[in-house]
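Engineer: What follows is the residue order along each chain.
Number of protein chains: 2
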Amino acid sequence: MFKRILIAEDQETQNISLQKTLADLGSEKPEYVYYCDDALTWIKNAIKMERPYDLLITDLYFEEDHNRQKIAGGAELITAAKTLQPELKILVFSGESKPAVIDMLFKEMNIDGYVRKARHDGQYLKLAINAIYNHKKYLSPDLKQARKENNSHDFTDLDIAIISQLVEGTPQKNIPYYLQEHNIKPSGLSSIEKRLNLMKEVLGFSKNEQLIAYCKDIGII
Amino acid sequence: MFKRILIAEDQETQNISLQKTLADLGSEKPEYVYYCDDALTWIKNAIKMERPYDLLITDLYFEEDHNRQKIAGGAELITAAKTLQPELKILVFSGESKPAVIDMLFKEMNIDGYVRKARHDGQYLKLAINAIYNHKKYLSPDLKQARKENNSHDFTDLDIAIISQLVEGTPQKNIPYYLQEHNIKPSGLSSIEKRLNLMKEVLGFSKNEQLIAYCKDIGII
DNA sequence: GTTATCCTTACGGGAAACCGTAGCAGGGCG
DNA sequence: CGCCCTGCTACGGTTTCCCGTAAGGATAAC
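As they're listed, the protein sequences go chains A and B.
Once you know that position 212 of the first sequence is 203 in the working numbering, the rest is easy, because the numbers rise by one and skip nothing.
Once you know that position 116 of the second sequence is 107 in the working numbering, the rest is easy, because the numbers rise by one and skip nothing.
None of these hints come from the bench; they were simulated from the model.
A few of these clues could be false.
Copies of the same chain look alike in the list, so a pair counts if it fits in one copy or across any two.
Said to hold, decoys possible - Straight-line Cα separation of at most 25 Å, SDA-like style, residue types lysine to any residue; simulated pairs: (1) LYS135 to GLU55; (2) LYS35 to GLU54; (3) LYS98 to HIS57; (4) LYS117 to ASP56; (5) LYS35 to GLU192; (6) LYS198 to ASP208; (7) LYS128 to HIS111; (8) LYS128 to GLU3; (9) LYS198 to PHE146; (10) LYS61 to ARG110; (11) LYS135 to TYR26; (12) LYS39 to GLN76.
Just so you know, these numbers come straight off a predicted model, no measurement behind them.
Using the sequences and the accompanying hints, generate a full structural model.
Structural biologist: If you want it as structure tokens, here you go:
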């Protein structure tokens, strides 16, 4: 089993119960921090002392505080940690359930496991740690189904740019200028209309308002 | 100090740490359940046995499960509990931070305290329990500021109906029919336009899309 | 080099939304 | 009772959006 585990979790009660849950897994007493910056410092020091961590368990979102932090959230912490120690295993433990966010973590950040803070999270944490120890990926089961029923449109960068501009209040007819400035093509007004129509048709919507609400729900904006 | 405390929290790790946090407060070992229905049953039984609970600590949102529940969430649990035992003190412990939701809890459900699951939630829980024991209301400090910087428009039932219809995809010009059917007045098209304009003006928006995104963020829809 | 195809863009008619104005009903007050 | 004020509604002109069609440009196959 993993010898050295580091917990990065800002929520006091969660942090306590993480320590307790991991206590009976046969590793050393896990170490824990409440801030991302601290997490990175500890990882650095552990490498320097030639006792690097085996596993990092981290939340995604950290609250702001009087302590100004360089690293704002779990995602940044993961990239920073991976540059210091590429083989470090990462288990994300967060309340986030939006498929877009979780897909990104696995695909782009190459994390090893994700457990959502939910009903049986204690059991799943243990399963996840076991799986990761055996070099497998782990995703808590409550999320697997959520990803399956995903008959959604996959949003391109263009789609997201268009929707973001709408949310900013840019009139549709002015969006071509924005797209040209940011070298996003196609940038014609007709292409924007076509793209919006496609998205709405796939999702069964008729109005932009529905589309915005949907995008807010699944978390792409 | 409170003698008998009941915890209703579906998240395994949170539930554990709640028990641990409350352990050193001088009350009996707190009792805990993972489902709303169970919570209500326990409250009922406690009354029947003439050992009623003094305090209910509950989450707001409970996950669905193979166990079909009659009571879906914390809000319903609170109303059900209060009809059984009106003097029961209620402390809500949830991750929710949207002012609209929390205001509703204090004003309409008359809860005694709210602690948000956040950085120092352990300390705040203890403060909250003390405050409630002394018949005071308690709101965790991280939320007090959030409510102050609330220069937002207060949404009327009409506003919410209009926005909901937009999110449903109803064309603006058809919303009057909907309002008439539901006996919401005013129902004229001009009134709808006027109302939308007012909301957008107060919030500094120019387009409906911005308004929808904002409402999603603060959680009124 | 030519043709076919796909994608982007431009244009124009019609619908919806936006905005200002004016008429109408109800309530308070002298 | 008459007057004023407020809020709801109705109407027209302008802008924006919607949608179908057609022209331009790049790429790939022949």
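Engineer: Output the indices of the hints that this structure fails to meet, ascending.
Structural biologist: Hints 3 and 5 are the ones this structure does not satisfy, whereas the remaining hints hold.
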